[in-house]
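Participant: Starting from the known structure of chain F, fit chain W onto it as the hints suggest.
Number of protein chains: 2
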Amino acid sequence: MVIAIHGGCGTLARELLPAAEWDEVRAHLAQSLRAGWAVLAAGGPAVDAVQAAVVVLEDSPHFNAGHGAALTHEATHELDASIMEGTQGRAGAVCTVRRTRNPILAARAVMEHSGCVLLSAEAADRYAQAQGLAMVDNGYFTTPRRVKALADVQAGKAGASIRPLSEADRHGTVGAVARDARGGLAAATSTGGFNDKPAGRVGDSPLIGAGTFARDGVCAVSCTGMGELFIRHAVAYDLCARMQYAGQTLVEAGNHLVHQTMKGHGIGAGLVSVDATGVVHAPFNTLGMARGWIAADGHVHVATHEEVFDAGRC
Amino acid sequence: MVIAIHGGCGTLARELLPAAEWDEVRAHLAQSLRAGWAVLAAGGPAVDAVQAAVVVLEDSPHFNAGHGAALTHEATHELDASIMEGTQGRAGAVCTVRRTRNPILAARAVMEHSGCVLLSAEAADRYAQAQGLAMVDNGYFTTPRRVKALADVQAGKAGASIRPLSEADRHGTVGAVARDARGGLAAATSTGGFNDKPAGRVGDSPLIGAGTFARDGVCAVSCTGMGELFIRHAVAYDLCARMQYAGQTLVEAGNHLVHQTMKGHGIGAGLVSVDATGVVHAPFNTLGMARGWIAADGHVHVATHEEVFDAGRC
Numbered sequence: 001m002v003i004a005i006h007g008g009c010g011t012l013a014r015e016l017l018p019a020a021e022w023d024e025v026r027a028h029l030a031q032s033l034r035a036g037w038a039v040l041a042a043g044g045p046a047v048d049a050v051q052a053a054v055v056v057l058e059d060s061p062h063f064n065a066g067h068g069a070a071l072t073h074e075a076t077h078e079l080d081a082s083i084m085e086g087t088q089g090r091a092g093a094v095c096t097v098r099r100t101r102n103p104i105l106a107a108r109a110v111m112e113h114s115g116c117v118l119l120s121a122e123a124a125d126r127y128a129q130a131q132g133l134a135m136v137d138n139g140y141f142t143t144p145r146r147v148k149a150l151a152d153v154q155a156g157k158a159g160a161s162i163r164p165l166s167e168a169d170r171h172g173t174v175g176a177v178a179r180d181a182r183g184g185l186a187a188a189t190s191t192g193g194f195n196d197k198p199a200g201r202v203g204d205s206p207l208i209g210a211g212t213f214a215r216d217g218v219c220a221v222s223c224t225g226m227g228e229l230f231i232r233h234a235v236a237y238d239l240c241a242r243m244q245y246a247g248q249t250l251v252e253a254g255n256h257l258v259h260q261t262m263k264g265h266g267i268g269a270g271l272v273s274v275d276a277t278g279v280v281h282a283p284f285n286t287l288g289m290a291r292g293w294i295a296a297d298g299h300v301h302v303a304t305h306e307e308v309f310d311a312g313r314c
Numbered sequence: 315m316v317i318a319i320h321g322g323c324g325t326l327a328r329e330l331l332p333a334a335e336w337d338e339v340r341a342h343l344a345q346s347l348r349a350g351w352a353v354l355a356a357g358g359p360a361v362d363a364v365q366a367a368v369v370v371l372e373d374s375p376h377f378n379a380g381h382g383a384a385l386t387h388e389a390t391h392e393l394d395a396s397i398m399e400g401t402q403g404r405a406g407a408v409c410t411v412r413r414t415r416n417p418i419l420a421a422r423a424v425m426e427h428s429g430c431v432l433l434s435a436e437a438a439d440r441y442a443q444a445q446g447l448a449m450v451d452n453g454y455f456t457t458p459r460r461v462k463a464l465a466d467v468q469a470g471k472a473g474a475s476i477r478p479l480s481e482a483d484r485h486g487t488v489g490a491v492a493r494d495a496r497g498g499l500a501a502a503t504s505t506g507g508f509n510d511k512p513a514g515r516v517g518d519s520p521l522i523g524a525g526t527f528a529r530d531g532v533c534a535v536s537c538t539g540m541g542e543l544f545i546r547h548a549v550a551y552d553l554c555a556r557m558q559y560a561g562q563t564l565v566e567a568g569n570h571l572v573h574q575t576m577k578g579h580g581i582g583a584g585l586v587s588v589d590a591t592g593v594v595h596a597p598f599n600t601l602g603m604a605r606g607w608i609a610a611d612g613h614v615h616v617a618t619h620e621e622v623f624d625a626g627r628c
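Keeping their order, the protein sequence lines are chains F and W. Numbers 1 to 314, taken from my numbering, label the letters of the first sequence in order. Numbers 315 to 628, taken from my numbering, label the letters of the second sequence in order.
Just chain F, with the same shape it has in the complex (with noise of 0.2 Å):
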């Protein structure tokens, strides 16, 4: 049993938050971690795990994804998520929708009941809403910081200050994959996209294929990063396709793309995977990527830059 996670790889430099707030998010990093393995340990299915494992960075206000969530460019909350089990190649997932308090619980609704794969906007809020979810004013996904970054990103377009855009603000992002007992593969990703971000843009995170994909007995993946730039190039499938069909390992795979591909680019991102034996890999390219895993030897791993901290066994 496996389970990974990612926070985003626009993680600010450490010198830009207080070390409580760091030992915050890797402890909401470490609390996400146990809500999923407590799913595995249990005999559950890796697509409850990783679902379990995304409500609880939904809920932190330290990730951009539920309470938290970046602004768009008319300072409104609009978030994307998806939800892929691998045995049977099911999947789920809501973009824009602004009303759904976790929108992963959206993205696992419409894949359970919708007989759909993607539902959008208003649609998929009401539909959230007639499957009994939470709902919420949009007003919930908002924290002092976003707003304070959304001013910053409109002023320095504005031209009142000249500070480029650093990787925090163009991007975030959260997801979860998982092996569980029997070797069931599942991926998760959800996101409030971009601060700025223009209303109606939907990132990666909601595209199966794109930001999230899952195959038994190949690999399971989620994505962050510039969105844009992996939908064009199909990620999170492409990782796949890389091992089944070119032999690739999951590292060999995972490092091409984020170092190469979108690296080439001048794209930040980063991913979280799991293979079919349990290999867990989270590349990055951007100063940090909020991430952690539970792997073979039971204990609680958690980083947000190159240090990794174990945080007890589970």
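These are computed hints drawn from the structure, not numbers from a lab. Warning: the hint list may mix true and false statements.
[What the hints assert, rightly or not] Negatives, chain F to chain W, calculated, CB over 10 Å:
1. Asp48
2. Arg101
3. Glu252
4. Gln260
5. Ala296
[Said to hold, decoys possible] Distance ranges between label pairs, derived from CB positions:
6. Asp611/W - Gly247/F: 38 to 46 Å
7. Asn452/W - Gln129/F: 21 to 29 Å
8. Asp137/F - Val622/W: 52 to 60 Å
9. Gly183/F - Ala333/W: 51 to 59 Å
10. Thr575/W - Asp297/F: 34 to 42 Å
11. Pro332/W - Ala130/F: 37 to 45 Å
12. Thr277/F - Thr591/W: 34 to 42 Å
13. Lys577/W - Gly43/F: 30 to 38 Å
14. Gly453/W - Ala41/F: 50 to 58 Å
15. Glu335/W - Ala181/F: 53 to 61 Å
16. Gln574/W - Gly43/F: 33 to 41 Å
17. Ala333/W - Ala134/F: 53 to 61 Å
Note that the Cβ used here is the ideal one computed from N, Cα and C, for glycine as well.
Facilitator: Below, chain W without anything else, positioned relative to chain F:
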């Protein structure tokens, strides 16, 4: 230079339309092909050719895209489209638009001017309008055939009829692929989805890697069929990956996807594709697929079922 188009794999049985209507379907296919060919013959890029060809099919009442699109469960129209050029791998798309007369032109505008790949719903319509594209009332898309089809489907669900859903009820899409004089490849896809689809449902047509993909040196492809399966299998990108990583030919890869992968799920499916050398392949596993091509011999070929008609030289 090559152009190939499809008008969906949900072609009606021959006896369900009078001969004069089939004549008109073939005439519109030929008109679409000539519009695309005119671009190529003038030295234009493949992406302009596929756009020109799809506009003609969107404007025809005979195809499920633009005017003539399927109706949602709520008896409205929600349209999806995407376009991709294979030289730089740029792409644009819109989903669930309701007011943009030619969704493929909105997709192209997104690609050229938005910095995004995919815009959704009302924001996508607003973007198209701001770009100066023609806007229409939602009723513009409605044709008597689709009104009757929706009534038939809904009557069937209510138990008033035992007529099973035909392929023509379930899906239909238009698309084009082209190879220009420089060897540049492009693909475009546009659809109204399927009769009685849930509001907000997004199929594969606007999703790069699912319903549309193009990469110079490999292939360009536009798909038709039950979109959910195409998303879950990343069919458009998988065609490219099978060629690039597994050494399959365009014909081998397309036949596998249509006649094995999709057929194995019991799904009506088809696609049009072109490879880097100009080979065209248009497999389908249904009763028929409206389609056509102009290849090396300069002749306009059109078909709706098995029989292929030569509509003369360009």
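Participant: The structure should be examined with respect to each hint, and the outcome stated for every one.
Facilitator: Status of each hint after checking the structure:
For Asp48/F, the requirement that its beta carbon stay farther than 10 Å from each beta carbon of chain W is met, with the minimum near 19 Å. The claim that Arg101/F is not at the interface with chain W holds, since no C-beta of that chain comes within 10 Å of its own (minimum 18 Å). With a closest Cβ-Cβ approach of about 13 Å to chain W, Glu252/F is found to remain outside the 10 Å limit, as its non-interface label requires. Every C-beta of chain W lies more than 10 Å from that of Gln260/F, the closest at about 15 Å, which supports listing it as non-interface.
Distance check for Ala296/F against chain W: the nearest CB is about 30 Å away, which clears 10 Å, and the non-interface claim stands. At about 40 Å, the beta-carbon gap between Asp611/W and Gly247/F stays in the expected band of 38 to 46 Å. Hint check: Asn452/W to Gln129/F, Cβ distance near 24 Å, so the stated range 21 to 29 Å holds. A hinted range of 52 to 60 Å holds for the C-beta pair Asp137/F and Val622/W, which are about 58 Å apart.
A hinted range of 51 to 59 Å holds for the C-beta pair Gly183/F and Ala333/W, which are about 56 Å apart. The beta-carbon spacing between Thr575/W and Asp297/F, approximately 38 Å, falls within the hinted interval of 34 to 42 Å. Take Pro332/W and Ala130/F: their Cβ atoms lie about 43 Å apart, and the range 37 to 45 Å holds. About 39 Å separates the C-beta atoms of Thr277/F and Thr591/W, a value consistent with the hinted range of 34 to 42 Å.
Evaluation of the 30 to 38 Å hint for Lys577/W and Gly43/F yields a pass: the beta carbon distance comes to about 35 Å. Separation of Gly453/W from Ala41/F is about 56 Å and conforms to the stated range, judged on CB atoms against 50 to 58 Å. At about 58 Å, the CB distance of Glu335/W to Ala181/F agrees with the hint of 53 to 61 Å. Checked against the hint of 33 to 41 Å, the C-beta distance between Gln574/W and Gly43/F comes to roughly 34 Å, which is consistent with it.
Our hint of 53 to 61 Å for Ala333/W and Ala134/F holds, since their Cβ atoms are close to 57 Å apart.
In summary, the structure agrees with every hint in the numbered list given earlier.
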